[in-house]
Amino acid sequence: MSAAPTLDPGTHEPPDYALVQSSAEFGELRRAHRSFAFPVTVAFLAWYLGYVLLSSYAGGFMATKVLGHLNVAFVLGLAQFATTFLIAWWYSRHAAARLDPRAEAIKSRLEGDV
Amino acid sequence: MNLSPDVLALPLAAGGASEHRGLIVTLFAAFVAATLGLTVWAGRQTSGAEDFYAGGRQFSGFQNGLAISGDYMSAASFLGIAGAIALFGYDGFLYSIGFLVAWLVALLLVAEPLRNSGRFTMGDVLAYRMRRRPVRTAAGVSTIVVSIFYLLAQMAGAGALVTLLLGITSEAGKILVVVLVGVMMILYVTIGGMKGTTWVQMVKAVLLIAGTLLITFLVALKFHFNVSALLGAAAENSGKGSAFLEPGLKYGATATSKIDFISLGLALVLGTAGLPHILIRFYTVPTAKAARKSVNWAIGIIGGFYLMTIALGFGAAALLKPGAITASNKAGNTAAALLAEQLGGGPGSTGGAVLLAVISAVAFATILAVVAGLTLASSSSFAHDLYANVLRKGRATEKEELGAARWATVGIGGAAIVLGVFARGLNVAGLVALAFAVAASANLPTLLYSLFWKRFTTRGALWSIYGGLASSVLLVLFSPVVSGKETSMFPGAHFAFFPLENPGLISIPLGFLLGWLGSVLSAEEPDAAKYAELEVRSLTGTGAH
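Chains F and R are the protein sequences, given in the same order. Counting from 1, one number per residue, gives the positions in the first sequence under full-length UniProt numbering. Counting from 1, one number per residue, gives the positions in the second sequence under full-length UniProt numbering.
The shape of chain F in the complex, shown without the other chains (with noise of 0.2 Å):
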């Protein structure tokens, strides 16, 4: 059960995927991908429970009329859809700038080495 499952055909030995881990060059990408990610997540993740807790627990708040029938309540809700649009993008344009590049260097050379 050693064998690690097949890469292309044509491959004999599969990479030596610790040296690689171990590399400055894949720490760069992990960490590139990490450093965006986790936070990311956690500030969304945060952002949308404080909503879910002030809808629960501040309703006083959330009835204030910002324009016209417009309240907080629906001001934050559509909030909540802008930074989403607006973290998915971020993200493909951190993606596309940091994680692209760094990804398909190391993995052509890996494919392309034997």
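The hints are simulated quantities; they were obtained by calculation from the structure and are not laboratory data. Treat the hints with care, as some may be off.
[Claimed, not checked] Listed next, with one range per pair, are the computed distances between beta-carbon atoms:
| hint | chain 1 | residue 1 | chain 2 | residue 2 | range |
| --- | --- | --- | --- | --- | --- |
| 1 | R | S257 | F | G60 | 13 to 21 Å |
| 2 | R | R133 | F | T64 | 56 to 64 Å |
| 3 | R | E525 | F | A43 | 31 to 39 Å |
| 4 | R | G411 | F | F61 | 49 to 57 Å |
| 5 | R | S228 | F | L86 | 20 to 28 Å |
| 6 | F | S23 | R | P286 | 21 to 29 Å |
| 7 | R | E525 | F | S23 | 46 to 54 Å |
Note that the coordinates shown come from a computational prediction; the quantities given were computed from them, not determined experimentally. Ideal placement from N, C-alpha and C gives every residue a C-beta, glycine not left out.
Given the structure of chain F, go ahead and fit chain R onto it with the hints provided.
Then chain R, alone, in the frame of chain F:
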């Protein structure tokens, strides 16, 4: 607007009902014929496992984004959320936000690494670094449990929907519809595999968006594109005044219902990225980049759809006669259909009949596409995880494995028909919330630990999956969903020891805790070489299938 009380009580069975019914059935038959044609066409191009499980991995990011939307937007979100907004105003709107924000978890943490390191099922990734057979068994069990609960909700919903939209009230008629839905999903999946299912979901997504856009546009015309005017009219017509636009009508009653809402919110936001029928969709695109693109499209489409449910729900509250919605269906599930009829010119008018028929056919299409996705997820996991890798220890041929998948589809479809017939009266919302809670408690922790925590072990994975699964199912069993209340499955029985309807607040943290505890307490050293392989592959796409 001269509605007699009789018309209000059974608005769709009244007047020219036979004409409405004929139109609805015609549109629905057209959808069935078109999708079956697509399925047969897709089936001709399906030969191996790659095609059957993953649609040949040849769909584009946009196509898959559309299919994900079709897989995700169930009748519960189309009819249920519109109805909840129509009845409870702002509190109904809260649902859709959780359903949408949840996609960021999938985008940032799950979609790309899953695509890079797995082949066909969630179990591929979970079992990667672990002792394979026990973990695959656990992954298969939890995949099938989550999918069956979700499937049951859709089947029960299909029966209820027909009663409401076609005016069929006989038990035989309802059973016939459940059987029909079951047979259709078996055909879609056995013939078309993932390719056929994907096309059905894309067609459905386009229909659903088009139908919703049309209704939204008509509502907007009525209010001259003024959101504040729409909200004001809804508040006034609801008879609840500005409270209709504020939190609390549905969940603000007691301290318990407030905590219940937090529990639901947690399950919604963390459940999506653990739903097996959503996860397998990421395998249908060629690369992780395409998986990312498909989630971005899905976020755009699903977000746009949920924004339009505001127009649907508040439009129904503003334009329908007070009491008309609850008179038709207590849970508000017919609000969207009634609104369509009203916008077309009201009950009895040709325009009303046409719009009602269109929206009803869209609702049927929605159910069919979602049940096909769920059936595929559970039969894939049965064949690939349980049969090929556990029972046959990886020695089954591709042909044998696909045979098992097709038979599993027939078996699961048959089980869904039987359960669906018995589940006709069950509380649909409870079943869906349970599926999300189980996915968030049993699947998500193991998925995240597997991908990101090097000390995670087999024991941690098993504790987390089985612990999350058992705690969420047991807590629901002893909750007011099952017994003790008028709305329970067994209103006469009293064993509701757990006060919340949604178990997420307890079972999700428990799933994470057990995964950590099991790993820390296990004598087995985590397999560092396997983790290196998984981490490199999941982040770079090296050796991706």
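Evaluated hints:
1. S257/R to G60/F: 13 to 21 Å: holds, 18 Å
2. R133/R to T64/F: 56 to 64 Å: About 58 Å separates the Cβ atoms of R133/R and T64/F, which means 56 to 64 Å holds.
3. E525/R to A43/F: 31 to 39 Å: holds, 35 Å
4. G411/R to F61/F: 49 to 57 Å: holds, 53 Å
5. S228/R to L86/F: 20 to 28 Å: holds, 24 Å
6. S23/F to P286/R: 21 to 29 Å: With a Cβ separation near 26 Å, S23/F and P286/R satisfy 21 to 29 Å, so the hint holds.
7. E525/R to S23/F: 46 to 54 Å: Check failed, 23 Å falls outside 46 to 54 Å.
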